[in-house]
Amino acid sequence: LHTYIESYKANDNQLILDQPDMYAQATLFSSEPAEMTVTDRFYEKPIDFKGKYKGMYPGVPNQFHMTYRSQGKSKKMRFLTFIQVHDSKAQVLPIEKISAGQFKIGDWTVKAELDTSKEASLIAGNMTAQLNVNTAAKSVLGKELPPVTPSASVLTELINGKVIHGLSTDQAPAIN
Numbered sequence: 010l011h012t013y014i015e016s017y018k019a020n021d022n023q024l025i026l027d028q029p030d031m032y033a034q035a036t037l038f039s040s041e042p043a044e045m046t047v048t049d050r051f052y053e054k055p056i057d058f059k060g061k062y063k064g065m066y067p068g069v070p071n072q073f074h075m076t077y078r079s080q081g082k083s084k085k086m087r088f089l090t091f092i093q094v095h096d097s098k099a100q101v102l103p104i105e106k107i108s109a110g111q112f113k114i115g116d117w118t119v120k121a122e123l124d125t126s127k128e129a130s131l132i133a134g135n136m137t138a139q140l141n142v143n144t145a146a147k148s149v150l151g152k153e154l155p156p157v158t159p160s161a162s163v164l165t166e167l168i169n170g171k172v173i174h175g176l177s178t179d180q181a182p183a184i185n
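Per the numbering used here, the very first residue in the sequence shown carries number 10; after that it's consecutive.
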């Protein structure tokens with residue numbers, strides 16, 4: 010994640026951007042212990058090839074960059090990030106970790122499979138909506154779903170008393 014305006018590390022897994030008219034909070038979770046760093050320097054100095062900053066800065070101005078990486082060597086790792094953007098800090102909802110990969114935010118429950126030895130999946134929902142990614146639910150919000158492939162993403166919403174389903178299926182692009 011990066012910002013043009015100063016952001017800071019609030020704790021081991023939280024990045025904050027606090028401005029007079031906007032507050033943003035990114036809370037990160039991972040499949041194994043990780044550490045966050047924040048810097049206002051580029052890893053490699055960018056080149057202003059469009060001449061956008063000519064006369065304003067000696068090149069591209071620094072930006073704030075957050076890195077979140079495993080503490081040790083890792084062949085596989087999964088991340089889950091909650092980003093909340095509001096007018097003020099007072100509107101941010103607390104994120105309660107219920108168990109490994111399961112969280113409560115307001116009236117929403119989120120379950121993400123962070124174990125890299127298992128198939129990746131995500132379920133997020135409350136009493137009026139549910140999103141299933143890479144997991145085929147048999148029923149949602151009291152209504153039976155049609156059979157779908159496990160790699161499908163299904164958004165189910167309760168709108169004006171009617172249960173509506175949206176379906177998106179991953180497929181490989183056509184090769185010419």
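Don't read these hints as lab results, they were simulated from the structure.
Glycine included, every Cβ here is placed at the ideal spot set by N, Cα and C.
Be aware that one or more of the hints could be misleading.
[Claimed, not checked] Computed beta-carbon distance windows for the label pairs:
#	residue 1	residue 2	range
1	PRO70	VAL94	19 to 27 angstroms
2	MET31	GLN180	36 to 44 angstroms
3	GLN28	LYS171	22 to 30 angstroms
4	MET31	LYS59	35 to 43 angstroms
5	GLN180	SER148	35 to 43 angstroms
6	PRO70	GLN23	20 to 28 angstroms
7	ASP57	ILE168	43 to 51 angstroms
8	ALA19	THR178	37 to 45 angstroms
9	GLU44	GLU166	33 to 41 angstroms
10	SER130	ILE173	20 to 28 angstroms
11	ARG87	ALA146	16 to 24 angstroms
Results for each hint:
1. At roughly 23 angstroms, the beta-carbon separation of PRO70 and VAL94 lies within the given 19 to 27 angstroms, and the hint holds.
2. The beta-carbon spacing between MET31 and GLN180, approximately 38 angstroms, falls within the hinted interval of 36 to 44 angstroms.
3. The given range of 22 to 30 angstroms is broken by GLN28 and LYS171, whose C-beta atoms sit roughly 40 angstroms from each other.
4. Between MET31 and LYS59 the Cβ separation comes to about 27 angstroms, which falls outside the hinted range of 35 to 43 angstroms.
5. Evaluation of the 35 to 43 angstroms hint for GLN180 and SER148 yields a failure: the beta carbon distance comes to about 25 angstroms.
6. Distance hint check: the CB atoms of PRO70 and GLN23 are about 25 angstroms apart, consistent with the given range 20 to 28 angstroms.
7. ASP57 and ILE168 have their C-beta atoms about 48 angstroms apart, which keeps the hinted 43 to 51 angstroms range intact.
8. In this structure the hint that ALA19 and THR178 lie 37 to 45 angstroms apart at CB holds, the actual value being about 38 angstroms.
9. Roughly 38 angstroms separates the CB atoms of GLU44 and GLU166, a value that falls within the hinted 33 to 41 angstroms.
10. At roughly 22 angstroms, the beta-carbon separation of SER130 and ILE173 lies within the given 20 to 28 angstroms, and the hint holds.
11. The supplied range of 16 to 24 angstroms is met by ARG87 and ALA146, whose beta-carbon atoms lie about 21 angstroms from each other.
Checked against the numbered hints above, the structure violates hints 3, 4 and 5; every other hint is satisfied.
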